[in-house]
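Protein chains in written order, with our numbering: chain A, 1 to 457; chain B, 1001 to 1457; chain C, 2001 to 2457; chain D, 3001 to 3457.
Treat the hints as calculated values from the structure; they're not laboratory data. As the structure is a prediction and not an experimental result, all values here were calculated from the model. Hints should not be assumed to be uniformly reliable.
[Stated by the list, open to error] Per the computed footprint, the stretches of chain D lying under chain C, defined by three or more beta-carbons under 8 Å from a beta-carbon of chain C, are: (1) 3014 to 3026; (2) 3036 to 3045; (3) 3054 to 3060; (4) 3185 to 3198; (5) 3303 to 3315; (6) 3322 to 3328.
From the three backbone atoms N, C-alpha and C, an ideal C-beta is built for every residue, glycine too.
Protein chains: 4
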Amino acid sequence: MEQIPYREQLLANEKVFRDPVHDYIHVQHQVILDLINTKEVQRLRRIKQLGTTNITFHGAEHSRFTHSLGVYEITRRICDRFLRSYSIADLGEDGWDDQERLVALCAALLHDVGHGPYSHTFEHIFQTNHEAITVEILTSPETEVCQVLSRVSADFPEKVASVIQKTYPNQQVVQLISSQIDADRMDYLLRDAYYTGVNYGTFDLTRILRVIRPYKDGITFQYSGMHAVEDYIVSRYQMYMQVYFHPVTRSAEVILDHLLMRAKELYEDVDYQFLTLPTLLIPFLEHDFTLNDYLMLDDGVLNTYFTMWRLEEDAILSDLAQRFLDRHLFKSVAFNAEIDLETIKKLKTIVQNYGYHVDYYTAINNSYDLPYDLYRPEQEKNRTQIELIYPDGSLIELSKASDIVAALTGKGKGDKRFYFPKEILQEKHTKEIDLFEPMLQEFKKYIHNDEIQSLHR
Amino acid sequence: MEQIPYREQLLANEKVFRDPVHDYIHVQHQVILDLINTKEVQRLRRIKQLGTTNITFHGAEHSRFTHSLGVYEITRRICDRFLRSYSIADLGEDGWDDQERLVALCAALLHDVGHGPYSHTFEHIFQTNHEAITVEILTSPETEVCQVLSRVSADFPEKVASVIQKTYPNQQVVQLISSQIDADRMDYLLRDAYYTGVNYGTFDLTRILRVIRPYKDGITFQYSGMHAVEDYIVSRYQMYMQVYFHPVTRSAEVILDHLLMRAKELYEDVDYQFLTLPTLLIPFLEHDFTLNDYLMLDDGVLNTYFTMWRLEEDAILSDLAQRFLDRHLFKSVAFNAEIDLETIKKLKTIVQNYGYHVDYYTAINNSYDLPYDLYRPEQEKNRTQIELIYPDGSLIELSKASDIVAALTGKGKGDKRFYFPKEILQEKHTKEIDLFEPMLQEFKKYIHNDEIQSLHR
Amino acid sequence: MEQIPYREQLLANEKVFRDPVHDYIHVQHQVILDLINTKEVQRLRRIKQLGTTNITFHGAEHSRFTHSLGVYEITRRICDRFLRSYSIADLGEDGWDDQERLVALCAALLHDVGHGPYSHTFEHIFQTNHEAITVEILTSPETEVCQVLSRVSADFPEKVASVIQKTYPNQQVVQLISSQIDADRMDYLLRDAYYTGVNYGTFDLTRILRVIRPYKDGITFQYSGMHAVEDYIVSRYQMYMQVYFHPVTRSAEVILDHLLMRAKELYEDVDYQFLTLPTLLIPFLEHDFTLNDYLMLDDGVLNTYFTMWRLEEDAILSDLAQRFLDRHLFKSVAFNAEIDLETIKKLKTIVQNYGYHVDYYTAINNSYDLPYDLYRPEQEKNRTQIELIYPDGSLIELSKASDIVAALTGKGKGDKRFYFPKEILQEKHTKEIDLFEPMLQEFKKYIHNDEIQSLHR
Amino acid sequence: MEQIPYREQLLANEKVFRDPVHDYIHVQHQVILDLINTKEVQRLRRIKQLGTTNITFHGAEHSRFTHSLGVYEITRRICDRFLRSYSIADLGEDGWDDQERLVALCAALLHDVGHGPYSHTFEHIFQTNHEAITVEILTSPETEVCQVLSRVSADFPEKVASVIQKTYPNQQVVQLISSQIDADRMDYLLRDAYYTGVNYGTFDLTRILRVIRPYKDGITFQYSGMHAVEDYIVSRYQMYMQVYFHPVTRSAEVILDHLLMRAKELYEDVDYQFLTLPTLLIPFLEHDFTLNDYLMLDDGVLNTYFTMWRLEEDAILSDLAQRFLDRHLFKSVAFNAEIDLETIKKLKTIVQNYGYHVDYYTAINNSYDLPYDLYRPEQEKNRTQIELIYPDGSLIELSKASDIVAALTGKGKGDKRFYFPKEILQEKHTKEIDLFEPMLQEFKKYIHNDEIQSLHR
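Isolated chain A (complex conformation) (with noise of 0.2 Å):
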């Protein structure tokens, strides 16, 4: 009965869906609404974008799937304007090729689908890798995202994928989804901002959609949109900065890493028995999972279980499982390069003698981002550099242009913190007061400015 090709379908009327960020997110290939409609993209809405970035900012509920619709729509836009004046038939082969547009699409909307439940935390404990996985979704045949796909064409799975691996031939589809100024990075930054209330992150979107044009096997920004871009780069390292390295975000990351750690090592002791076992979870503890496995995990699942440990017999499990959910969290003190192991050793000594278990009870967590970076042929990961255009077709690096952007790049920034119990600051204690006052002062000898200090200088 099809007659048009299932890849040029277009919906008889187009379908919106209502977005704070983007006003409406406009949909208009049956292909992409059907992949919206798939069981892995839906499960997206059970995955909260920012992992623990809610318990500091409360009005970061915002999950994957509401990103993902964002990065769709920016890709879209930016398709629609390169086809409008960066045309193939315009310019040669270094426009624009609309036939690239539903991998573009589909490649934006499914970036992030392999990402399970606090990501970044559960991938260090159970060694998965989201990128792979999403990679594993787009081109295993047992799973809707991929049936979608195959009818557009039998290699059309491995198409998509390929862009996520960046190796697809056509290197403008590649930067839209993935460079230093991508539809990913510039949906994430408006919408984290949105959510959190914060105005950091904002940029002049729409000012970045009139100056990104196609150029050879690449993206570039016209030179008149210098600042626009500028200003992208300040809002993403202030977002980083502000918000996605906050000290309070990651204690929480701290103690759910310091949870499941803890859970895997109960899991590994034979004589412990769990009183309720994490069904979904065992095949991840025991090493041996499947992608099914994987897709029915989501946060409520894993807090499904922290709900449960709390009440397990194991202290340090049911007590971690409790700070997480209801926010008892560890405190934090930064410091620099200076401070040697020698003091960290002593913080923990004095937190051992609290009574806490220094493994569990103690951290160091490093945030670190590089904001921006030259091309660098010589390393192994090295960034596509953001080039600007100038009328006569020569091109700028982008440092090269901006004092602000020079000034933060190749520079990582970063935070190193030392997290414990913030239960030992408290002075309330009145009748342990005698027995834990001199620990205390000691303990603050080393605290200045909410810094640890080395006291041998």
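Use these hints to put chains B, C and D onto chain A, whose structure you have.
Positioned in the frame of chain A, the structure of chains B, C and D alone reads:
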């Protein structure tokens, strides 16, 4: 060590939480901070404010926790305003007694603490009542909330509870938290509008906070602010019509309702064995649950069981679970009072002929709201009407001052819909076409302009 | 050299103007850019959109130029939508004929080009008519606007003018520019709301642009968008009540009216000599002005004469000029239909006894608006009612679908006020207190709750 | 009758002005209300905040009046914050002395009262100085402003003036009004961003108001707010680069400058007779003006003369007047330090060969800003650097804490441009084409990527 009574302990530095709707939530009392950190309040982070609405408006994934903070913040601002402009010192007994502040703030923060996952549906199936549970949480010595409240004074838990129950003697406090224009409604309209991305719900909060004032045993608004109050009523009405009553959202609710109903029936069916028992739901399936059982539930717990139920043998249970999780919803058509039950029955028969169990695959769903009403002493459940105050102190009821409000007063607004599997309307069946075509045609005869029409007329 | 006809010349690169309300104004036709650059359109930069409203809402200093661009932009977006979804190719004669685009865009941009400074008052005193002048500007060969339009075709100026006059054959075009819900009103509500800083005027423009459609000889809206249209009517109503009819704004208008009236009388008085003659106003004072005379006027010109009139010998002229420029306004009290002329006369007498000339220092000012009305064929000046269209193509008039709109339909809304010098109510007079006190007390007897009350009742 | 001293008189009801940037401006002191109602402050309504910027960003039509209210409001909020958290009662002499509130509020409201129309250009041509005039307005007994201030105390006008002059003893007050991050700059960045519709200028005012604090003889910011301050510096920088230095805006300024210069020359030319004398400008053309002469000027007065000058016989005067009013601007090309004067001279010669008088039809225009600088005691005009304060009270200068700020510190940012009639570049001349073609080609040889390039290289 505590010299200042607990109820008067102010934080050395006001603590703020960034909020996208109110910019910042300002916490000044130790009591409030301690309440926020209880496990009962933190649990609200895991319960979405709008249940299934995010199925339609994907951005609306915010929790009851953010709303609770918002209601607290609006109440705090109103108390500040009342203290500044209408203190009992200035106005005598018509004025605001700022001694009431703490009870008002606590009631505001805690008014929804008894909500469970997908409240509306859950209460329907399991006969729970979130208001009764709120009162129980506030007054049961085993809860952290009650323990914090008790530190203020022995009778403080009961006091706060009586505000929720509307029996608190000072009706100014009661109306702040619960009336036709209260801190609760003001926050949820603004918040739901922000997160859905619609702008029907926005009204001029700043202006309303400027014209609200205490008056005798209640709350009034300066006459000069009439249009701001009018606009609030219209916003409220529009949010109900456009967002809360959205047919797609109700479709998800219908499926959820049938899903839980089916689970209950299977649980009661001695012949059926669940692959995995829904441990945390058992007390509810057994009609014998404690407060503690209730407090272990949240959206994630329910969704976790739904994820598991996908694998259950019972075809209806697993299909409904999948429909709910993957957003394969029922379609609906509206119908009005003129449609008789015969017509509905005929439609059900057609659905049954397709092979669907009508108890699970069709539903009648009514939405209903009364946007505004007068005080009607003759009725059992009457409302406190909104009154405006003239410069000379005389009052006028809102609908007498506003034609728009008059048009909405006392008129219930609703939408009756018939739900059925949307697969029925899809004409893609190729082989079966001969079989189903006549049924489809008959079904369609009853539907016109997305409404059911009677064929008798 | 021109090979492409002027009407079809598109700019090589779309030109954009940053706009706070619509983000960007997109100009694609050479004709539109040339029109924007005419002196008649540029002159609108020097005429405030809201006359004296910025006296009350200080932010509202925007000009008719920004509004004209906005109306153009909304019209452009509607044309795009119509072309995409309702082209004549798809719908036959009920559809949109995109050949009409240029006439629609020009009419949108130019619809207000005949406005002068403080139009309402100026027209009252000098018997001018901005609509007639708009038509004159469009069709007089000496204007740059007419010259640009004539390059499209010899009859193009007349065509555009006939849209303004509502006699253009294609009523779809006419209703886009001028009906109860048109591009003009949509822009000014949003723009005035933005610049005043109130949010009564905001409604969901994006949604309205999604549901608007051409239909036979007019414009309709999809039934599914009913609430968005309803919200627009409410916004419009609220802006009239809250902003456009604000008593303080009207006070400035009253003073302006009396000031110009006084100037006219003095000019006609052979015994009075102006220190400086208001050169550019003379043609109007002489009742003999050309289009060119009119086009030399703007807000600044009038204000310049007012600045000079402060120094004039005539005490009334200089006092009123000063009051207008320095915002020393009259106070006002409302009164309703029950107040008889006797009461007003008595109030005037008291004002006169204070030494004020009642013709210049008191005024009755009525504001009046009809928020929405049905088409009433029996009336001379009837309106094109708003109609909603069902999926089957049948229509329903808006007030039949919306209780709120029904409540506003056909009901004129107004506010009658009596203006007088506010010095009367100030009790600061120390020495004169004995003198004025009885007069003040009598005056006050008539005022209750900021309204005039009859003493006879 | 006055028993409460004037300086302490608070309004019975706080008066508010609706403001789109700050929501409401709150006026509490009678003094402030009286100042707002003076003719000198009301005159600021007739002077645009951004001079010719609305030529480029059409929305930016806001006046210095709205900005003055905004600076007042920010100052008021800071005083409230200081009083609440850093009162002299709590902190001793490092704290905030709330006795200073009124002088701070008055200085904030009045800091720009001496501005005239198109200040920058006007001052250049007529050698006026708005800061000196501000001080004169504050301290001259004939002004209404001085009369109001004098009612507070005899020395109050001088006090407020000394804040403007930065000589006031309490440097906390001085820095609130005038430093690298003061209430003035904070308001104009936010306000100009709002009215232009760009979002470069937005930064997190609420957060800055949370971290600002008094400290010894100045203002500091809590270290925890570093990124908010950093973001403010970036916003400031971006607004200069993108809005304030916009080449099209400067083109209007160039034309205005030449227009006033030409008028001055013609006035001094005994052989030239103006058709209409620009009465209100004569004192300035005569180099002999009083404060009162100055206060009669505003944008409208100047524009009125320009409107008249369109009809003047002098071709240059009338042409420049028309160009300014009708937005027929000069085009520009950038050039850098490497371009020698010879090249510029050659370009001028070409322009001259087209028949243009180079003094009036070409210009070099430099924009220049120093986004942030350290205190440099060796310099004459040094700046008060921004300092952050650690919990222990130690300070760190901003650029030491922020790489981004460091990148902007001490580096002047500018843009040199050559302006010329854009008609030169239009190739529409049909007959003259033979004549002008070689000149055009030569001109174009010097221009590359919209910059002048040296042909010698």
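Apply the coverage criterion to the stretch 3054 to 3060 of chain D and chain C: a residue qualifies when its Cβ sits closer than 8 Å to a Cβ of the chain, and three qualifying residues are needed. holds (count 4)
Can you tell me if the stretch 3185 to 3198 of chain D counts as covered by chain C, using C-beta to C-beta distances under 8 Å and a minimum of three residues? Result for this restraint: holds, n = 5.
Count the residues of the stretch 3303 to 3315 of chain D whose Cβ falls closer than 8 Å to any Cβ of chain C, and tell me whether that reaches three. Check passed, 4 qualifying residues.
Tell me if chain C covers the stretch 3322 to 3328 of chain D under the three-residue, 8 Å CB rule, please? With 5 residues in contact (Cβ-Cβ under 8 Å with chain C), the coverage given for the stretch 3322 to 3328 of chain D holds.
Are there three or more residues in the stretch 3036 to 3045 of chain D whose C-beta lies closer than 8 Å to some C-beta of chain C? Check passed, 6 qualifying residues.
8 Å C-beta criterion, at least three residues: is the stretch 3014 to 3026 of chain D covered by chain C: With 6 residues closer than 8 Å to chain C, the stretch 3014 to 3026 of chain D meets the three-residue bar; holds.
Checked against the numbered hints given earlier, this structure breaks none of them.
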